[in-house]
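J.: Read off the chains here:
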Amino acid sequence: MKLEIPAPAGTAADDFMGSLTLEVEERDGRSVVRRQAHSGALRALRPHYLDASGQVSVTAINPGGGYLGGDRYRLAAELGEKASLLLTTQSATKVYRTPQGPVHSAQEFTLADGARLESVPDGIIAYQGATYRQDTVVHLHPGASLALAETVTHGWSPDGTPFAFDEVSLRTEVHVDGRLVVLDNLLLRPDAEGLGALMLDGRSHLGTLLVVDSRADDDAVAALRSTLGIVGEQPAGAPLTGISRLAVPGFVLRTLADSTQAVEAVLFAALGWMRAEWHGQGSLDLRKR
Amino acid sequence: MASLAALLHLVDSALPTGAFSHSFGLESFIDSGQVHDEASLAAWLRGYLDTQLTYTDAVAVRRACRLAADLSEEGSAGAVARAGLSRLDGELGALLIARQIREASRRMGRRLLEIASDSFPSAEVDAYRAAVDAEDCQGHAVLAFALAGAGQGYDEDTLVEAHLHATLTTLGYNAVRAIPLGQLAGQRVLTAVRAGLPAAVERSRTADARHFGAAAPALEIHQMRHEHQRARMFAS
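In order, the protein sequence lines correspond to chains A and B.
If you're matching positions, the first sequence starts at 174 in the numbering used here and goes up one per residue.
If you're matching positions, the second sequence starts at 12 in the numbering used here and goes up one per residue.
If you are wondering where the hints come from, they were derived from the structure by calculation, not from laboratory data.
Do not take every clue at face value.
Stated by the list, open to error - Computed footprint of chain A on chain B; a stretch qualifies when at least three of its residues, placed anywhere within it, have a C-beta under 8 angstroms from a C-beta of chain A: (1) 100-108; (2) 133-146; (3) 222-235.
From a predicted model like this one, the values you see are computed outputs, not experimental measurements.
The C-beta atom is built at its ideal place from N, Cα and C for all residues, glycine as well.
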């Protein structure tokens with residue numbers, strides 16, 4: 174007799190508008206995508222190598238272009254020992270009006286000892302009436318290295334009102350050895366909490382970089398602050414940037430600015446510093462611009 | 012019947028938890044000139060109330076209150092409640108991203124637990140203190156407050172309002188010293204902010220669970236930048 178076991182809600186592949194799963198492993202100093210599965214409106218370009226470090230680069234694409242209400246997406250990557258993955262996107266995540274319910278995007282990353290994930294997607298652009306919710310869950314071995322970047326901004330609206338979207342909510346959990354060590358919860362709701370001095374400081378773009386890495390100690394944070402020039406008096410119009418150490422080795426960087434370029438300049442400078450200091454790599458050049 | 016005097020004692024801004032030495036990021040806004048007078052201080056406190064205080068503090072008070080009654084149970088209900096408190100305490104530590112805020116929460120929390128053991132003794136306080144001693148919990152101020160209050164018989168809504176009021180009052184007095192501002196102007200600010208409390212209490216009751224700990228980005232950046240601000244009166 175065959176038992177019918179219902180799948181828990183939200184786990185069946187059919188539930189997703191698009192799903193992409195990657196397994197990366199290290200072979201003789203080079204990381205390779207051992208297995209890749211995709212369904213629906215999410216796929217990946219052929220894995221490639223941007224430098225001689227052995228880090229494999231995967232670009233996720235949504236051939237449909239925009240994300241619509243009620244859509245659910247899932248992106249999962251499992252990195253074996255010493256595997257190194259640079260995960261990017263081909264273009265911005267554009268979320269349009271979502272009267273059918275929020276767009277929901279789930280990301281799950283698992284990193285073994287010595288594995289490294291650098292996730293640098295294009296920005297999330299939320300348009301009038303859009304609700305976008307992203308849940309990222311990361312499971313790390315204490316010897317793994319994580320860098321997650323995100324950029325959020327608002328899209329054009331017919332009457333020119335900035336921030337006409339309903340909600341952008343990015344929730345990121347990082348577990349090390351099964352213990353929750355970071356819960357980064359970003360919530361932008363222009364109508365509820367507004368856009369006051371405590372929310373976006375009158376800026377249009379928010380950038381964030383979450384790093385968990387055994388090398389990210391107090392000295393690293395001090396060096397980064399100095400590299401980014403964020404200590405002391407800031408020139409008028411400069412991005413508003415802060416960095417703080419986490420309870421575990423790691424830090425969160427947040428920046429508010431007036432353009433995608435200005436936010437990316439800060440994020441890429443921080444990523445570039447870690448690449449140079451910790452990995453002997455050059456700055457990140459995604460060759461999209 | 013819960014005693015009014017016990018609540019007034021618990022929310023007294025002179026209670027030596029160290030709250031008078033924290034600005035929770037406000038000092039960075041004073042330093043940059045964004046908060047400089049009565050109106051800008053009232054707007055800042057209102058913004059703080061609408062963001063971090065509602066989505067982190069008030070929601071944490073509620074969650075702690077709901078666990079409080081079962082914490083000292085011997086049976087499985089007690090074990091479930093203690094595991095829930097440990098999870099809540101861990102979530103709080105994980106979502107306080109800015110270092111000075113996280114450390115302030117722990118320092119004030121441990122101090123409040125010490126005070127509460129003598130001045131507001133209850134099974135709830137004992138349970139949290141035991142979990143902190145066993146390093147199963149970190150000991151956060153807002154949870155110590157909620158459990159001390161629940162142990163005195165106060166209900167969830169009362170404790171949420173009391174916590175919001177106590178935090179804003181202490182911050183208001185700190186700001187009067189730091190800006191500086193006249194005593195009467197300070198009282199007008201506190202009165203204006205008090206008017207926003209009922210709505211915040213209500214919003215924290217209906218908040219979506221996924222929004223627990225939602226950060227206000229500019230506030231958080233200022234809390235981070237306070238770590239390297241040159242002249243500082245406050246520890247956060």
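J.: Each hint should be assessed against the structure and marked as holding or not.
T.: Hint check:
For the region 100-108 of chain B, the assignment as covered by chain A holds, since 6 residues bring a beta-carbon within under 8 angstroms of that chain's beta-carbons and 3 suffice. Taking a C-beta to C-beta cut-off of 8 angstroms, the region 133-146 of chain B contributes 0 residues in contact with chain A, too few for the three needed, and the coverage statement is violated. A count of 14 residues in the region 222-235 of chain B with a Cβ less than 8 angstroms from any Cβ of chain A is obtained; the coverage claim is therefore met, three being the minimum.
Going down the numbered hints, you'll see the structure goes against just number 2.
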